[in-house]
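Asks: Each chain, letter by letter, is given below.
There are 4 protein chains.
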Amino acid sequence: MEFCLIGAGFIGPVHAANIAAHPRARLRTVVDLDRAAGERVAGKHGATVTTSLAEALADPKIDAVVICTPPRTHAAIIEAAARAGKAIFCEKPVDLDLAKVDACARIVRDAGVSFFVGFNRRYDPTHRAMFDAIRKGEIGRPEMIVLSSRDPEISPPDYVKAMPYGIFYDTMIHDFDMVRWLTGQEPVEVYARVAVMLDEKTNPERDPDTAMVTLTLAGGALVHVNSSFRAVYGYDQRIEAFGEKGMLVSRNQQPTTLVRYDAKGIRQDPLHYFFIQRYAQAYRDELEDFIAAVEARRPPSISLDDGRRALAIAYAAMESAKSGKPVALKP
Amino acid sequence: MEFCLIGAGFIGPVHAANIAAHPRARLRTVVDLDRAAGERVAGKHGATVTTSLAEALADPKIDAVVICTPPRTHAAIIEAAARAGKAIFCEKPVDLDLAKVDACARIVRDAGVSFFVGFNRRYDPTHRAMFDAIRKGEIGRPEMIVLSSRDPEISPPDYVKAMPYGIFYDTMIHDFDMVRWLTGQEPVEVYARVAVMLDEKTNPERDPDTAMVTLTLAGGALVHVNSSFRAVYGYDQRIEAFGEKGMLVSRNQQPTTLVRYDAKGIRQDPLHYFFIQRYAQAYRDELEDFIAAVEARRPPSISLDDGRRALAIAYAAMESAKSGKPVALKP
Amino acid sequence: MEFCLIGAGFIGPVHAANIAAHPRARLRTVVDLDRAAGERVAGKHGATVTTSLAEALADPKIDAVVICTPPRTHAAIIEAAARAGKAIFCEKPVDLDLAKVDACARIVRDAGVSFFVGFNRRYDPTHRAMFDAIRKGEIGRPEMIVLSSRDPEISPPDYVKAMPYGIFYDTMIHDFDMVRWLTGQEPVEVYARVAVMLDEKTNPERDPDTAMVTLTLAGGALVHVNSSFRAVYGYDQRIEAFGEKGMLVSRNQQPTTLVRYDAKGIRQDPLHYFFIQRYAQAYRDELEDFIAAVEARRPPSISLDDGRRALAIAYAAMESAKSGKPVALKP
Amino acid sequence: MEFCLIGAGFIGPVHAANIAAHPRARLRTVVDLDRAAGERVAGKHGATVTTSLAEALADPKIDAVVICTPPRTHAAIIEAAARAGKAIFCEKPVDLDLAKVDACARIVRDAGVSFFVGFNRRYDPTHRAMFDAIRKGEIGRPEMIVLSSRDPEISPPDYVKAMPYGIFYDTMIHDFDMVRWLTGQEPVEVYARVAVMLDEKTNPERDPDTAMVTLTLAGGALVHVNSSFRAVYGYDQRIEAFGEKGMLVSRNQQPTTLVRYDAKGIRQDPLHYFFIQRYAQAYRDELEDFIAAVEARRPPSISLDDGRRALAIAYAAMESAKSGKPVALKP
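Chains as they are written, first to last, in my numbering: chain A, 1 to 331; chain B, 1 to 331; chain C, 1 to 331; chain D, 1 to 331.
Hints are not guaranteed to be accurate.
Here are the simulated DSS-like pairs of lysine-lysine, each with C-alpha atoms no more than 30 Å apart in a straight line [as the list claims (entries may be wrong)]:
hint	chain 1	residue 1	chain 2	residue 2
1	D	322	C	330
2	C	330	D	325
3	B	44	A	264
4	B	201	D	264
5	D	44	B	245
6	D	201	C	136
7	D	325	C	322
8	B	245	A	322
9	B	325	A	325
10	A	325	B	330
11	C	264	B	136
12	C	201	A	264
13	B	264	C	201
14	A	325	B	322
15	B	245	A	201
16	B	264	D	264
17	C	325	D	322
18	D	44	C	201
19	A	330	B	325
20	B	136	D	245
21	C	136	B	264
22	D	245	B	245
23	A	201	C	201
24	D	245	C	264
25	D	44	A	44
26	C	322	D	136
27	B	44	C	44
28	B	61	C	44
29	B	136	A	201
Calculated directly from the structure, the hints in this document are not laboratory data.
The task is simple: from the sequences and hints, build the whole structure.
Replies: Below you can see the structure in the form of structure tokens.
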């Protein structure tokens with residue numbers, strides 16, 4: 001399978017390297033408006049580079065695209081790629097505009113192309129073991145889910161300015177997807193509270209950098225999500241699922257298991273720094289699953305509707321945080 | 001110091017044994033309307049027993065009372081004990097009626113007697129180490145507090161019937177006190193959601209047995225509390241305090257540290273079964289602190305106002321759970 | 001039961017306090033050649049004090065003695081107490097002279113008095129849970145036992161001078177008892193290696209402060225014990241029992257469960273400082289078991305022969321460390 | 001760099017896959033006397049296959065060989081590869097015959113080819129973090145090292161028959177290398193004890209399947225190693241390094257971090273099953289280091305002398321186990 005990577009910044013190089021190392025995939029083209037950025041990624045893996053999306057999509061040898069551009073550009077790229085008949089791997093969020101997402105859904109369906117949303121956490125081996133344990137009934141009916149989802153840093157000011165309240169639709173959107181996936185239930189209500197805790201220098205936009213959300217699921221279970229953009233001890237990603245028969249905990253992960261004992265106490269190194277380190281295996285595994293789905297002509301495991309629903313929860317949380325009132329979610 | 005224990009059920013025997021073992025205290029009298037119950041406790045420690053509160057309070061040798069009766073009876077007993085000039089150790093909640101609590105406050109102040117509320121968790125060595133670490137600035141400004149507070153069982157139906165929504169003012173009241181104590185801040189808003197997850201047989205009253213609460217503190221920090229009446233793996237009591245410089249975690253505790261490795265995996269025994277086991281040391285230490293305060297003629301460490309404030313938060317949470325709306329708290 | 005404490009230093013005050021707090025025991029007399037030392041302990045618990053062992057043993061109200069004097073004095077005290085008909089609780093080692101220990105055994109048997117050796121670790125709740133698990137067959141036949149037994153400090157020079165190679169018969173003797181107790185097997189061979197690692201100032205006697213021992217048990221299982229007198233991170237006491245069906249681990253213990261996360265990593269406080277803290281509960285429980293045995297007129301749980309056998313292993317280890325050769329143990 | 005893999009069984013496929021995935025390496029040829037076995041590995045990675053070592057070594061395009069054949073064949077292959085001028089990556093042990101190893105050393109030196117021994121554990125990220133911490137002086141002078149090194153299964157009877165006492169020179173040889181590498185010290189004495197614990201069916205050769213070794217290092221530090229061929233709970237690989245300033249612990253590792261809490265207790269999955277899973281990253285990293293050394297024309301990080309010394313310790317341990325006496329090691 002030959003791939004076109006669209007967007008060479010941030011997460012793009014991770015996908016490029018995974019495609020290059022995949023035994024049944026090849027990185028053919030990198031598209032980026034910034035040719036130099038595109039070349040840095042393309043050069044490492046023997047791919048060509050272009051600044052023209054149309055040119056890349058016109059190449060009949062390209063089977064699939066991976067969309068890593070800023071979220072606001074996703075809908076237009078999805079539309080173009082779908083019309084060109086390419087299989088689509090799209091980073092979350094699907095787009096920032098729910099109406100455009102709905103339009104994308106129609107276009108993708110009509111074009112009959114594969115569409116996959118990169119909710120990478122579903123592929124983390126521990127989260128997946130939790131998913132399996134819930135399916136096997138190990139905790140019985142889920143009653144409470146608690147997710148801690150804390151980043152070690154805030155995005156740069158320009159990024160924050162372009163995506164205010166991104167803590168909901170850019171960060172916690174992963175947690176909303178986790179909840180839907182783990183429980184198989186949709187939330188019916190959301191309540192959110194935010195705070196601005198970082199200083200003026202680090203967060204000049206005064207955008208929410210700290211948040212807590214309560215969800216009520218259709219089956220009655222209660223969900224708590226907390227998030228922060230300054231976990232100084234590393235990428236803090238935990239999930240606990242509590243039910244009638246017990247609790248499952250997906251714990252944090254660390255680069256090594258070394259423990260140091262000295263006169264001051266017992267010490268371990270900080271957690272993995274950020275998602276690139278924590279979810280390295282998950283990024284490889286989601287790519288494999290996408291490729292396997294396209295090869296087998298089965299629908300990819302994470303649908304456009306999954307992407308839309310997580311986004312709708314995020315927007316409801318944003319609305320709640322702004323209004324101070326709980327917001328009902330349509331089924 | 002000679003003590004009168006009022007209420008021989010439930011937590012009463014714990015206090016009785018601690019008084020008996022304390023080097024500077026003696027259990028003189030046990031008051032219980034059920035004479036047999038009183039005798040069971042009194043007999044173990046060489047105390048006398050009576051069914052008459054008035055008779056007990058008339059004994060000039062009694063320096064202090066420990067009130068362990070049902071919460072609804074507290075205000076009247078506090079009033080009588082205060083008028084009799086006894087130092088008062090009162091189990092939480094101070095009473096169920098906020099107006100009566102306010103009346104108690106006046107009476108206690110006028111009588112000039114010592115008054116202590118039994119928020120035992122403040123004396124847990126690990127929670128206290130967290131308190132000290134926050135005071136020393138180890139995490140800087142607290143930004144998020146997450147408390148898990150789960151019991152292994154629900155109270156008997158009669159008890160539940162008499163105290164509907166007790167999950168807030170009988171159970172989580174401890175957590176509300178923890179938040180105030182740890183952060184030194186008052187909450188300004190509370191939002192609560194409840195669920196009934198136990199079956200008809202275990203929870204015939206269909207009273208909330210599962211709850212999540214969000215608090216916003218005066219300083220902007222966000223707080224999450226979750227509670228359940230069926231933690232099948234034991235008494236699950238954890239606190240995490242997250243701030244600008246890091247996180248503190250008060251972890252669960254277990255009867256032993258034995259770990260078993262076999263072909264099925266790695267296993268430890270369940271957590272301590274319930275609060276009696278988990279907080280055994282805390283119950284001893286709160287008694288010692290109460291006695292030391294009375295001896296030194298200093299105000300006890302936990303005031304009637306502390307008891308009132310925690311109760312007010314609990315009632316606001318109950319109101320929110322019933323109305324589905326956030327409730328503002330008066331400063 | 002009325003007790004006479006013989007030896008007010010070191011571990012004496014621990015036993016005195018436990019006797020005083022025990023519901024069925026009373027500390028009547030403290031014997032110490034240093035009257036001031038005796039008075040410090042006796043005064044706290046309302047006991048009388050004497051410098052004369054004979055005087056104390058002549059008191060018919062005394063039911064039992066607890067021997068906490070230096071080991072070299074034990075045999076003579078045991079003999080006197082046995083002849084006076086007192087039940088005997090003796091700190092380990094029984095004595096330093098195996099011939100005297102054998103003589104004690106005869107005298108105690110002839111006098112028909114209860115005799116208990118204070119191998120306190122048998123009463124630690126976690127070690128005991130391991131014992132129970134082995135008995136239940138959880139690991140099948142034990143194949144390897146690994147014991148780490150490290151102290152935070154070396155004894156004072158005078159003490160070390162009086163008891164050279166004490167690392168075997170004063171410290172590891174506990175581990176040798178643990179092995180016998182846990183496995184129910186006797187060792188048939190011992191090999192030991194020692195090192196002097198502390199500096200001249202801390203260990204002026206240049207007595208072994210670091211040691212490793214290999215035991216071969218009668219059933220073929222292999223045992224490793226390691227010990228040091230400078231665990232700077234606290235009292236490091238771990239046991240692992242490995243067998244055909246799995247492994248049991250008795251882990252270290254800490255004063256609190258607080259965990260601190262910051263930019264430098266994840267930290268916990270050091271372990272309990274020393275045995276007084278680590279085995280506080282075990283000291284209470286061994287006293288209770290001794291008292292219960294005397295009351296029930298059953299043999300105490302740890303016999304004089306247990307004390308003798310652990311000592312014999314320690315001496316064989318010392319011989320091996322000196323000769324550099326393995327030493328066979330008689331059955 | 002183009003590679004020839006010699007020996008397609010057992011660990012061969014691991015090295016083949018790592019070579020294939022390495023950005024600067026290519027698997028060109030697989031040599032195996034069993035052509036079908038060679039084809040299974042070669043086919044996956046587009047390599048050619050041959051049963052003739054001479055033919056493979058005659059190919060001038062081959063830069064390096066990876067030797068994964070049975071240990072007894074190593075010396076002859078090393079000699080042939082060295083004479084053919086190939087860089088050599090050799091699995092441990094270098095050979096079973098110390099005299100042949102010495103001959104290899106001369107031939108390799110004369111041929112001027114790179115030679116690397118596959119002590120993969122040196123590349124484990126946690127062991128390496130321990131190595132770095134010791135180098136930085138975090139524990140000061142090492143005083144005691146304790147290594148647990150337990151396999152989940154014994155090798156097949158044929159393999160065991162061909163390599164009696166392999167527990168020392170095939171398994172613990174890794175631990176002996178770890179000790180030398182971590183401490184930078186050579187052992188001066190070794191004492192070993194073995195046991196046969198598996199039943200007749202699993203261990204028909206009655207070869208030692210359980211062992212404990214004590215090493216004394218030149219600097220006086222004491223070392224304990226224990227090993228078993230039936231850790232039913234998975235591959236148990238731990239190291240602790242104790243010194244004057246504290247202790248470092250390289251803990252076990254698991255496939256996931258999921259923890260399950262239920263009425264029976266707290267459970268985690270077993271450890272990684274075996275070395276293939278536990279040291280997957282280490283195998284990749286040792287290959288990268290070998291390639292980097294060859295490219296930079298620097299000596300590989302693990303020398304033939306390292307391989308010889310670890311083997312000599314293993315043989316001394318075997319001698320001690322057989323004679324029951326400690327064995328001195330020449331410096």
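Asks: None of the hints should be skipped; say for each whether it holds.
Replies: Okay, the hints, checked on the actual structure:
no.	hint	verdict
1	322/D - 330/C	22 Å, holds
2	330/C - 325/D	18 Å, holds
3	44/B - 264/A	44 Å, violated
4	201/B - 264/D	23 Å, holds
5	44/D - 245/B	50 Å, violated
6	201/D - 136/C	25 Å, holds
7	325/D - 322/C	15 Å, holds
8	245/B - 322/A	28 Å, holds
9	325/B - 325/A	7 Å, holds
10	325/A - 330/B	18 Å, holds
11	264/C - 136/B	17 Å, holds
12	201/C - 264/A	23 Å, holds
13	264/B - 201/C	51 Å, violated
14	325/A - 322/B	15 Å, holds
15	245/B - 201/A	17 Å, holds
16	264/B - 264/D	13 Å, holds
17	325/C - 322/D	15 Å, holds
18	44/D - 201/C	65 Å, violated
19	330/A - 325/B	18 Å, holds
20	136/B - 245/D	26 Å, holds
21	136/C - 264/B	17 Å, holds
22	245/D - 245/B	27 Å, holds
23	201/A - 201/C	53 Å, violated
24	245/D - 264/C	19 Å, holds
25	44/D - 44/A	24 Å, holds
26	322/C - 136/D	34 Å, violated
27	44/B - 44/C	24 Å, holds
28	61/B - 44/C	24 Å, holds
29	136/B - 201/A	25 Å, holds
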